[in-house]
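**Q** Residues per chain are reported as follows:
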Amino acid sequence: MRFDADYFEALETPRMARLAANVVAAAFPLMKLMPARYILDRAEAAGELKGKAHIVETTSGTFGMAVALLAAARDYRLTLVTASTLMDSKYQARLQRLGAEVIALDDPRGDGNQKGRLESLDGILRQVPDAFWTRQYDSDGNWLAYARLADLFVRSMGQIDCLVGCVGTGGSLCGTGTFLRSVFPDLKIIGVDTHRSILFGQPLGKRVLRGLGNSVLPKNVRHELVDEIHWVGAYPAFHAAHRLFRQHGMFMGPTSGAAALVGQWVSKTNPEARVAVIMPDEGHRHADTVYNDIWLSTLPGWRTPASAFPTKISRIEPKPETAWTRFDWRRRSLEDVMQLQTTDR
Amino acid sequence: MKGSGGSLGGAVFPNAPSLDRPGTGRAGAHHGELIQGVFQDERGRLHRGLITLPLSHMNSLALFEVADEQGVSVVPPEKMKAAKAALLTLRHLDSHHLGGLLTVESAIPVGHGYGSSTADVVASIRAVADAFEMQLRPSVVCRLAVEAERASDAIAFEDQAVLFAQREGVVIEHFGDALPPIWVIGFKANDGQLVDTLALPPARYSSEEIQTFAMLRGLAARSIKYQDPHLLGQAATLSAKISQRHLAKAQFATALGIANNFDACGVQVAHSGSLIGIILDATAPGVAGTARNIAEAAATAGFKDVVVQPIYSVRRPS
Ligand SMILES: Cc1ncc(COP(=O)(O)O)c(C=O)c1O
Chain A
0 MRFDADYFEA LETPRMARLA ANVVAAAFPL MKLMPARYIL DRAEAAGELK GKAHIVETTS
60 GTFGMAVALL AAARDYRLTL VTASTLMDSK YQARLQRLGA EVIALDDPRG DGNQKGRLES
120 LDGILRQVPD AFWTRQYDSD GNWLAYARLA DLFVRSMGQI DCLVGCVGTG GSLCGTGTFL
180 RSVFPDLKII GVDTHRSILF GQPLGKRVLR GLGNSVLPKN VRHELVDEIH WVGAYPAFHA
240 AHRLFRQHGM FMGPTSGAAA LVGQWVSKTN PEARVAVIMP DEGHRHADTV YNDIWLSTLP
300 GWRTPASAFP TKISRIEPKP ETAWTRFDWR RRSLEDVMQL QTTDR
Chain B
0 MKGSGGSLGG AVFPNAPSLD RPGTGRAGAH HGELIQGVFQ DERGRLHRGL ITLPLSHMNS
60 LALFEVADEQ GVSVVPPEKM KAAKAALLTL RHLDSHHLGG LLTVESAIPV GHGYGSSTAD
120 VVASIRAVAD AFEMQLRPSV VCRLAVEAER ASDAIAFEDQ AVLFAQREGV VIEHFGDALP
180 PIWVIGFKAN DGQLVDTLAL PPARYSSEEI QTFAMLRGLA ARSIKYQDPH LLGQAATLSA
240 KISQRHLAKA QFATALGIAN NFDACGVQVA HSGSLIGIIL DATAPGVAGT ARNIAEAAAT
300 AGFKDVVVQP IYSVRRPS
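Protein sequence lines correspond, in order, to chains A and B. Under numbering that gives the first Met the number 0, the residue at position 169 of the first sequence is numbered 168, and the numbers go up by one with no gaps. Under numbering that gives the first Met the number 0, the residue at position 81 of the second sequence is numbered 80, and the numbers go up by one with no gaps.
Chain A extracted, bound-state conformation:
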């Protein structure tokens, strides 16, 4: 039997952890391996990736790490475009050790400079016309890959009533949600975003909680699937990550903290519901920041108590990093929701 050195199945598989009687979290070491492998496998099968192909992508980190691991094992050339605010030098060094070329653009506005990154990527594609762009923002492969997570959830939980997950590209929540809802039509899909991310209608601004949210709108965010959206500020997310570590022994990244926070609130307000939560990555990358008291103490307002429950809002607007808000999205399109927002004013 051939040994598939490039499969990384164990690293791709989340630990299914029970957070409460009715809550199961899929805690991933590196969630993005799931879409990255699926996208590369499909491209290989379709003949789009041959020999020493050159892969390109824009990423805040975890998708880049996943592609870098696969590209190294499969001997592809890889260029990643990121922003200086999104990736520390240690993470960059890890990617470079895997053989990836990392282009880190300046980010004067602190919004991730996604526009600049896409322009830079366009430039590379013009120079290397047969480069393969994994397109996590809009390729079907991103969301289709999460059938495997839906499989793992049903195997460990059976019937599922609520799915809670972060939204960045939309792949994980909308993909897992699409598959689960095809068998459980009443499934509630609850998205986790953060203030000043434009995904669910907030104005663009500087985000402190990174990894989820976005400054541009990827096609893989399908608003019509979402029943309810939460904007979790950086501070409640950080506190939630600390609690996950202390109470459950789970050392996860801050977006996992945000998802756990919302998941636990959903389970308390719906004690009969079975709640599945997606946790995208581990905490190691954040050891010097989110898990460092000195770094935390430099954050303006860190000592102010963070929201312990969400405030329901009907006007979509940004709030301070201590705040946690939620909105009844009701499976509507972004246009439909925004139209009502402007007429309300």
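Simulated from the structure, these hints should not be mistaken for laboratory data. Please note that the accuracy of each hint is not assured.
Derived lysine-lysine pairs resembling BS3-like cross-links, with alpha carbons at most 27 Å apart [said to hold, decoys possible]:
{"hint": "1", "chain 1": "A", "residue 1": "218", "chain 2": "A", "residue 2": "205"}
{"hint": "2", "chain 1": "A", "residue 1": "318", "chain 2": "A", "residue 2": "267"}
{"hint": "3", "chain 1": "B", "residue 1": "224", "chain 2": "A", "residue 2": "187"}
{"hint": "4", "chain 1": "A", "residue 1": "318", "chain 2": "A", "residue 2": "114"}
{"hint": "5", "chain 1": "A", "residue 1": "187", "chain 2": "B", "residue 2": "240"}
{"hint": "6", "chain 1": "A", "residue 1": "218", "chain 2": "A", "residue 2": "187"}
Starting from the known structure of chain A, fit chain B with the ligand onto it as the hints suggest.
**A** Only chain B with the ligand this time, still in chain A's reference frame:
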């Protein structure tokens, strides 16, 4: 179980045929599939596969009388695949120098997805083996059956749930237990018209469908592990909906509506036939009454040949 043994030409054979007692074999029908699609093996390769819904109350019976010369004749003569299966079984038992007379009697209607042909084939394989005082493992029976008729199903496993590659004759996954306790109210769509199963081109599934099958497999595994008829019914319903895009059955939506109205576990179909089944939890209070009401509603809606079928609730002596 080993036979009593015998001797022929001085050599000792563990399983010599009994020339004075004919071998007998029985195999059940099925009511289509709970799930059918394509599934990955542990190396990531895709195989067409299915989970059969076995029936225990309709059977094919085969009788095999060994003769001391090559060739198998069959009654009725049109059961060619059964004869081929008998020959393959003789070869499997290292007895291709022998032959015999195969008689097949079946109570299973042909051409609706009841698996009449596979039942004949499996009953015949078992009859030949029995003539040699042998019982073959289900996996061996299935492999021979696929060799005899190109595509088969998993009825040789009886009520043990397996994900079976019907064109290769191998098990993709053993779920490790029987199906959960269910009743199926079965009927025929398309005014009971016949379907030529083997003439159908295999379905070409989309990426989304192929990915969905991975989750359906997880649902099946869970429903069998915890004997949960509701989860099994939900999985079967989704598989049936996918099948509807490839081989549409008239009035499928009507059947879904009836299942919903009576809070059934779900709906399953013969993915290459005309059968539809509404699945009930056999342990639910009042299941017999619910089954009667569903049967009435199905007949009123114009479905043909409505039958209430407890699935393997009564084990027949074999
Ligand atoms: C740490 C982390 N959390 C959450 C997400 C959001 O997941 P998705 O892109 O599937 O919406 C990402 C995606 O980049 C991430 O890296």
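**Q** Which earlier hints can't be squared with this structure?
**A** No hint contradicted; all consistent.
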